[in-house]
Amino acid sequence: MIAPALILVAVLLALAPAGMALSGIARGPAILYGACLMVATALCAIALSSLLDPAHPVSSITLPIGLPWIGAQFRIDPLAAFFLAVVNFGGAAASLFALGYGAHETSPGRVLPFYPAYLAGMNVVVLASDAFSFLVAWEFMSLSSWALVVSHHREAENVRAGYVYLLMASFGTLALLLAFGVLAGASGHYDFDSIRAARPVGQMASLVMLLALLGAGSKAGLVPLHAWLPLAHPAAPSHVSALMSGVMTKVAVYGFVRIVFDLLGPSEWWWSMLLLAVGGPSAAMGVLYALMQRDIKRVLAYSTIENIGIVFAGLGLALAFKAEGMDLVAALAFTAALLHVFNHAVFKSLLFFGAGSVLNATGARDMEKLGGLIHRMPQTAFALLVGCVAISALPPFNGFVSEWLTFQAILLSPQLPAWGLKLIIPAVGGLLALAAALAAACFVKLYGVSFLGRARTALAAEAQETDRFSLAAMFVLAALCLAAGIFPAFFIDALDGVSKSMVGTSMPHQASLAWLTIVPIAEGRSSYNGLLVFAFGLLSGSIASLAIHRLASDRVRRAPAWDCGYPDPDVAIQYTASSFSQPIRRVFGTLLFSVREIGEMPPPGSSRPARLTVEMHDLIWETLYAPIGSAISFATERVNVLQFLTIRRYLALVFSALVLLLLVLAL
Amino acid sequence: MNGIGDLAVQGAQMLLVLALAPLLTGFVRKLKARLLRRQGPPLAQPYRDLIRLMRKDVVLAENASWLFRVIPYIIFAGTWVAASLVPTFGSGLLFSWSADLIAIVALLGSARFFQALAGMDVGTSFGGLGSSREVMIASLAEPATLITVFSVAMIAGSTQLSTIAEYMGSGAAGLRVSLGLALFALSIVSIAENGRIPVDNPATHLELTMVHEAMVLEYSGRHLALIDLSAQLKLLLYLSLIACMFMPWGSAPPQADQLALALGALTYVAKLAILGFLLALFETAIAKMRVFRIPEFLGAALMLALLATLLRFVSGSL
Numbered sequence: 001m002i003a004p005a006l007i008l009v010a011v012l013l014a015l016a017p018a019g020m021a022l023s024g025i026a027r028g029p030a031i032l033y034g035a036c037l038m039v040a041t042a043l044c045a046i047a048l049s050s051l052l053d054p055a056h057p058v059s060s061i062t063l064p065i066g067l068p069w070i071g072a073q074f075r076i077d078p079l080a081a082f083f084l085a086v087v088n089f090g091g092a093a094a095s096l097f098a099l100g101y102g103a104h105e106t107s108p109g110r111v112l113p114f115y116p117a118y119l120a121g122m123n124v125v126v127l128a129s130d131a132f133s134f135l136v137a138w139e140f141m142s143l144s145s146w147a148l149v150v151s152h153h154r155e156a157e158n159v160r161a162g163y164v165y166l167l168m169a170s171f172g173t174l175a176l177l178l179a180f181g182v183l184a185g186a187s188g189h190y191d192f193d194s195i196r197a198a199r200p201v202g203q204m205a206s207l208v209m210l211l212a213l214l215g216a217g218s219k220a221g222l223v224p225l226h227a228w229l230p231l232a233h234p235a236a237p238s239h240v241s242a243l244m245s246g247v248m249t250k251v252a253v254y255g256f257v258r259i260v261f262d263l264l265g266p267s268e269w270w271w272s273m274l275l276l277a278v279g280g281p282s283a284a285m286g287v288l289y290a291l292m293q294r295d296i297k298r299v300l301a302y303s304t305i306e307n308i309g310i311v312f313a314g315l316g317l318a319l320a321f322k323a324e325g326m327d328l329v330a331a332l333a334f335t336a337a338l339l340h341v342f343n344h345a346v347f348k349s350l351l352f353f354g355a356g357s358v359l360n361a362t363g364a365r366d367m368e369k370l371g372g373l374i375h376r377m378p379q380t381a382f383a384l385l386v387g388c389v390a391i392s393a394l395p396p397f398n399g400f401v402s403e404w405l406t407f408q409a410i411l412l413s414p415q416l417p418a419w420g421l422k423l424i425i426p427a428v429g430g431l432l433a434l435a436a437a438l439a440a441a442c443f444v445k446l447y448g449v450s451f452l453g454r455a456r457t458a459l460a461a462e463a464q465e466t467d468r469f470s471l472a473a474m475f476v477l478a479a480l481c482l483a484a485g486i487f488p489a490f491f492i493d494a495l496d497g498v499s500k501s502m503v504g505t506s507m508p509h510q511a512s513l514a515w516l517t518i519v520p521i522a523e524g525r526s527s528y529n530g531l532l533v534f535a536f537g538l539l540s541g542s543i544a545s546l547a548i549h550r551l552a553s554d555r556v557r558r559a560p561a562w563d564c565g566y567p568d569p570d571v572a573i574q575y576t577a578s579s580f581s582q583p584i585r586r587v588f589g590t591l592l593f594s595v596r597e598i599g600e601m602p603p604p605g606s607s608r609p610a611r612l613t614v615e616m617h618d619l620i621w622e623t624l625y626a627p628i629g630s631a632i633s634f635a636t637e638r639v640n641v642l643q644f645l646t647i648r649r650y651l652a653l654v655f656s657a658l659v660l661l662l663l664v665l666a667l
Numbered sequence: 668m669n670g671i672g673d674l675a676v677q678g679a680q681m682l683l684v685l686a687l688a689p690l691l692t693g694f695v696r697k698l699k700a701r702l703l704r705r706q707g708p709p710l711a712q713p714y715r716d717l718i719r720l721m722r723k724d725v726v727l728a729e730n731a732s733w734l735f736r737v738i739p740y741i742i743f744a745g746t747w748v749a750a751s752l753v754p755t756f757g758s759g760l761l762f763s764w765s766a767d768l769i770a771i772v773a774l775l776g777s778a779r780f781f782q783a784l785a786g787m788d789v790g791t792s793f794g795g796l797g798s799s800r801e802v803m804i805a806s807l808a809e810p811a812t813l814i815t816v817f818s819v820a821m822i823a824g825s826t827q828l829s830t831i832a833e834y835m836g837s838g839a840a841g842l843r844v845s846l847g848l849a850l851f852a853l854s855i856v857s858i859a860e861n862g863r864i865p866v867d868n869p870a871t872h873l874e875l876t877m878v879h880e881a882m883v884l885e886y887s888g889r890h891l892a893l894i895d896l897s898a899q900l901k902l903l904l905y906l907s908l909i910a911c912m913f914m915p916w917g918s919a920p921p922q923a924d925q926l927a928l929a930l931g932a933l934t935y936v937a938k939l940a941i942l943g944f945l946l947a948l949f950e951t952a953i954a955k956m957r958v959f960r961i962p963e964f965l966g967a968a969l970m971l972a973l974l975a976t977l978l979r980f981v982s983g984s985l
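In order, the protein sequences belong to chains G and R. Residues 1 to 667 in our numbering are what the first sequence lists, from first letter to last. Residues 668 to 985 in our numbering are what the second sequence lists, from first letter to last.
Read the hints as simulated data drawn from the structure, not as lab findings. Heads up, the beta-carbon is just placed ideally off N, CA and C, and yes, glycines get one too. Possibly wrong hints are sitting among the right ones.
Stated by the list, open to error - Per the computed footprint, the stretches of chain R lying under chain G, defined by three or more beta-carbons under 8 Å from a beta-carbon of chain G, are:
#, segment
1, 783-795
2, 819-827
3, 955-966
Unchecked claim - Beta-carbon label-pair distances, calculated as ranges:
#, chain 1, residue 1, chain 2, residue 2, range
4, R, Leu945, G, Arg558, 36 to 46 Å
5, G, Pro603, R, Phe959, 20 to 30 Å
6, G, Leu538, R, Gln925, 29 to 39 Å
7, R, Leu945, G, Ser630, 38 to 48 Å
8, R, Ala954, G, Pro604, 26 to 36 Å
9, R, Leu945, G, Tyr566, 19 to 29 Å
10, G, Tyr566, R, Arg719, 21 to 31 Å
11, G, Glu615, R, Leu702, 45 to 55 Å
12, G, Pro266, R, Leu948, 51 to 61 Å
13, R, Ala954, G, Leu538, 39 to 49 Å
14, R, Gly841, G, Leu538, 17 to 27 Å
15, R, Phe959, G, Tyr163, 33 to 43 Å
16, G, Pro609, R, Arg705, 43 to 53 Å
17, G, Met616, R, Ala954, 29 to 39 Å
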């Protein structure tokens, strides 16, 4: 299994220089994305065949590249196979979308070479089985995605996004480097097998967990390490945004699971508390930030933070149950987290594709320049509606299933003995419920403002439906949202092997239950059947429609909008993105964003328009990042004098440094 | 999952909620009018309204999209399915295992999602206003409902509504502080979710404080009838939910004989009458709140529900 996968990754790497050559040709993008589509599909097939094999095979290989004597080790086990499937499914969908979308790229030379390299980087992270290859691939993935973020480098905003991203990526890699350093220990074995054989214990293990949380968490976008994410993800071309949000954050989750669940083994009870304390607030904060935005792609990027928060809360629950030896519930929480990983990859890619299509059709990312697109782009509108419902965790789509499973795990947590957990888990449950409700509000706003209502600008009024490749990609993903929502049993069963290898056991087999119901623990306790709910809903809706049209009336008249008798032809009277979220801004924002609304009413008789000024602060940026930034620039300015010394002083400096080091050694 | 009997109970329940929902609304309206010493409309008025609306033409706004025409059916389907899964006169529902209480709350969430979208479709300021306020209210009411569900589910050891109803009916739960808090929270949420006074006024039009009515302003004819019917079903659903969790007496157990079913139906109607009376009394006694007082009202429900859950985590007997 591993050999063909590596050959396909090598093909992706070879496509990177080919991308340079192809960027000059008219059909170049189509050829490159077509090749990426085929390779990613093949890799996805390999991953699935490994994942779905009931024997849960593990295959590994050592290549004579990388560090001398050690070589580079690669391995496919169930965990790697699952994430390999997610990465390449996302990659295949993005490539299909890009077959159409890529044709609009103004500077293909800045995108084409890096795109396959980026895909290859993510694949190698998942396949790597020694710390050296893992870190090299991780950095490769970060740098190639950075190149894609700054591909439109003439916009100042993108350059800033690229800069912040580069800093945070370096920070993350540094943390992971240190984590692997501690894991390797004094003996310095960097391959994962040796690390598993000689695991650090006690405080060293906790240190590794903290470093892994910092490193993987900053890549995944956990609050407060998220600051780069909403800048960088929207700056890239839309198919790359989809990959960054839908897939790369999942590679970060993979890194965390690999280190904490696999390499570290048994956990301390407070690790789970830390994960819950980070995951719950990330979910709620992420979606509140998302609600405050006007830029479609930025809303989606912030909502990624929310979903990553849900995943990490699930992982925290899994750790807590595992530490207490309640393996079955740990498997439930772990499966819920992984299922959410997959679900989020599907609907977030779908939503970014939709945003990309809108961007192509109108040239606008600002919702307040859109409106009424459901009339101009009906098929995009339909696919995107599915994505919006799915991400809002509403039945019968897939987002609901993973949230439901997470809630079921939360409901079993009173059995945990640790007091800290008893207090934090209800709060986290509340935060997740809040996040789900706010996500629905957020996506009502996104869809309602940009697709419904009347067109706010001429650009939106003249938008054209997007091309068939983009539509195909969106419809495949939308269909999968529904399929995973009404047949969740198959998707849960596919995670059996991963759960067995990471938490020791797996959820009971689901697909064999009657009517494809999912029953996490026991039938008397809880069960959910997406298929029946969907079928009942469809049936009762159709019956109502048929009965009313047959028996009562089926006539329709068109007339001007009623609007309580005061219809106004001006499109500016519609609710905008900012006014839609005003009540929520007022309820939640006063504390979290120190929102201030200043209204200026002109005196009676004056014809001057009234003004409303809204002041909002990103408190995390202002209290955490800005002081660090100014401290660093302060320090660098002080050290800057060293750059302009005479050669005599440089020599003196070198000499004194040498003496100092020798002294330290002597002591 | 056994047999024709359960299927009959399930079918009877689906028709019963549909038939009873307008009557409940009419009953509450009549009571409110009587409490104000008015005569009030006859009990059957909601049925007449529905039939009249169904027969009328639909007047669609010129730029209404296909979504606008589909949404009433989606709302109706979601609410009806949810309402038919809440035990009313008996707990032996054939399909109760297909969706637990969390799923029922989420189904209502789906209906609300589409209702809020419908408010924005025509592109009028009133529609947007209604939707914007609706999602603000929902963003507090939905977590409060879910956490209430958590606390009740943890006491009963199940999220299946039938199992919860049977557990509560068996008396094993006893009197608990957390149940009291949960009941209080759920009552507040029910008032908010159904757009009753003091959160919203189901009888207003042309008022800037309105929420639900603003969202459905552009609907007419059969579409409006379906939305009205869904709102009535939702009120029935919430009252049934309170009845089956907190007043479980007399409800027929699974595989009950006809006598028990008849008794269950009788007690169910009595419970609805009591709850409807309390609702009318409360609505008459209290004044409508300003919009930005609502978060405090619902925040109280959220905190009470959280407290109920926390008590359950801290001690098994509270």
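Hints, verified against the model:
no., hint, in the structure
1, 783-795, "holds (count 12)"
2, 819-827, "holds (count 6)"
3, 955-966, "holds (count 3)"
4, R/Leu945 - G/Arg558: 36 to 46 Å, "holds (44 Å)"
5, G/Pro603 - R/Phe959: 20 to 30 Å, "holds (26 Å)"
6, G/Leu538 - R/Gln925: 29 to 39 Å, "holds (33 Å)"
7, R/Leu945 - G/Ser630: 38 to 48 Å, "violated (60 Å)"
8, R/Ala954 - G/Pro604: 26 to 36 Å, "holds (30 Å)"
9, R/Leu945 - G/Tyr566: 19 to 29 Å, "violated (38 Å)"
10, G/Tyr566 - R/Arg719: 21 to 31 Å, "holds (26 Å)"
11, G/Glu615 - R/Leu702: 45 to 55 Å, "holds (47 Å)"
12, G/Pro266 - R/Leu948: 51 to 61 Å, "holds (59 Å)"
13, R/Ala954 - G/Leu538: 39 to 49 Å, "holds (43 Å)"
14, R/Gly841 - G/Leu538: 17 to 27 Å, "violated (42 Å)"
15, R/Phe959 - G/Tyr163: 33 to 43 Å, "holds (40 Å)"
16, G/Pro609 - R/Arg705: 43 to 53 Å, "holds (45 Å)"
17, G/Met616 - R/Ala954: 29 to 39 Å, "holds (33 Å)"
When held up to the earlier numbered hints, the structure conflicts with 7, 9 and 14 and fits the remainder.
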